[in-house]
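Let's have the full structure, built from the sequences with the hints guiding it.
From first to last, the protein sequence lines stand for chains C and B. Per our numbering, the first sequence starts with residue 1, numbered consecutively. Per our numbering, the second sequence starts with residue 1, numbered consecutively.
Just so you know, not all the hints are guaranteed correct.
Incomplete in silico selection of chain C near chain B, CB under 10 Å [said to hold, decoys possible]:
#	residue
1	S8
2	G83
3	P105
4	N192
5	Y195
What the hints contain is simulated information worked out from the structure, not anything from laboratory work. Positions of the beta carbon are idealized from the N, C-alpha and C atoms, including for glycine.
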Amino acid sequence: MLQDHLISAAHLSRDDIEAVLDHAAAIDADPSVVSGRHEGRVLALCFFEPSTRTKMSFESAMKRLGGETIDMGSVESSSVKKGESLADTVRVIEGYADALVLRHPSEGSAKLASEFVDVPLVNAGDGAGQHPSQTLLDLYTIRENAGLDDITVGIMGDLKYGRTVHSLAHALTNFDVRQHFVSPESLRLPRNVRYDLHEAGAQVREHTDLDEVLPELDVLYVTRIQRERFPEEREYRAVAGEYRIDNDVLADASDDLTVMHPLPRVDEIAPEVDGTARAKYFGQAHNGVPVRMALLDSLLGDDEEGDRR
Amino acid sequence: MTDEELRVSKIRDGTVIDHVTGGQALNVLAILGIDGTGGETVSIGMNVPSDKLGRKDVVKVEGRELSQSEVDVLSLIAPEATINIIRDFDVVDKNRVERTESVTGILVCPNHNCITNADEPIRTEFEVLSDGVRCSYCDTIVREGDVAEHIDARQSGETAL
Chain C
1 MLQDHLISAA
11 HLSRDDIEAV
21 LDHAAAIDAD
31 PSVVSGRHEG
41 RVLALCFFEP
51 STRTKMSFES
61 AMKRLGGETI
71 DMGSVESSSV
81 KKGESLADTV
91 RVIEGYADAL
101 VLRHPSEGSA
111 KLASEFVDVP
121 LVNAGDGAGQ
131 HPSQTLLDLY
141 TIRENAGLDD
151 ITVGIMGDLK
161 YGRTVHSLAH
171 ALTNFDVRQH
181 FVSPESLRLP
191 RNVRYDLHEA
201 GAQVREHTDL
211 DEVLPELDVL
221 YVTRIQRERF
231 PEEREYRAVA
241 GEYRIDNDVL
251 ADASDDLTVM
261 HPLPRVDEIA
271 PEVDGTARAK
281 YFGQAHNGVP
291 VRMALLDSLL
301 GDDEEGDRR
Chain B
1 MTDEELRVSK
11 IRDGTVIDHV
21 TGGQALNVLA
31 ILGIDGTGGE
41 TVSIGMNVPS
51 DKLGRKDVVK
61 VEGRELSQSE
71 VDVLSLIAPE
81 ATINIIRDFD
91 VVDKNRVERT
101 ESVTGILVCP
111 NHNCITNADE
121 PIRTEFEVLS
131 DGVRCSYCDT
141 IVREGDVAEH
151 IDARQSGETA
161 L
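Structure representation (structure tokens):
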């Protein structure tokens, strides 16, 4: 089980992942197995960017474990506004909490922060870098619906800046998964992720057209093409429509296709898909709680061990 | 180099960097933070015939010995280079550069959104790959041919004699 920081999905082994997912499944089946286990413990939520799902699901997870959460409020009202470094901020906050969850707009911020604290730290998104706890809940959802071996996964949208994509791509290399990446040329996977996939010997193909691969897919993971990434609105409109999913687009897909999305969506999945058996994105979001309960339980260790510091 | 060639530009104290990959001499100077404004005496041979490399560059810098971090980065652009330390006209030390696993504090990450480009109390760290380097914080990869462009000028020139 994980007993340190969680910075990047690239650091997760198959055993790490399966331990968290198995524990999450046990919690999902019977939440009482961990209720009250971390009473008296405090989780600090350090969110330097807005977040709804990630922040609230960590908060819910910690409270369901019997613990408490504290947060630094908005960046506008914090000492960060006064120019305090991230290193100083986390060094101070670690004195208030037993574990930290960090969301920050800069790539590499979680690694930096982890070098300045002794309590466990979870990367909850570092710029366009990584979002490994999201990946654990994504894997949990994939495992529930399609299994994690001998499957074909399509990942579509903004692959260049999508941190959930980078984390998921790394984690899937632990399993027998064929990965297909579908994006506009300008938003294809960054060089470092392609390098890692190649080094891991992953089965990977890149496409600009979903039709090329849709019938083969067991899972289609859709992400938002971010309007703000395009220098011209015209360029955004030219590609965004090509990557929108509706029931017509999905006509050639397997009946068993699992459609996922880390949310929030804008218009990349039509509401008409929501009512179909393929739509799993809301369940995926709900899975954030048991998975993060399992993750926190693992990182915080047993109550009997007392304060890790 | 023949003795005759050496005599032409023999230096009293400093460093001779030999067997530099042909065409990389100017990048070696960039790594050393030498742009001519510091008054150093520098001799350069570019694309000199070499039995070992075919063509090589040679850089002689008077009054300066290299730091280990500078040698580490040199190894990225000139893996066959030899470093000759000269004192009172004699070669007192001769070493080949060795490819290290990482370089710390001498390269700037080209990703402007990398935390190492913020005002934080850390030094940059790059893992050395087979054909480039990779930021240990944000994972950005810099190809070997582009490494010299990302040398931190603030870190260079730290070991003048």
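Taking the hints in turn, this is what the structure says about them:
no.: 1; hint: S8; verdict: holds (8 Å)
no.: 2; hint: G83; verdict: holds (8 Å)
no.: 3; hint: P105; verdict: holds (7 Å)
no.: 4; hint: N192; verdict: holds (4 Å)
no.: 5; hint: Y195; verdict: holds (6 Å)
Violated hints: none; the structure is consistent with every hint.
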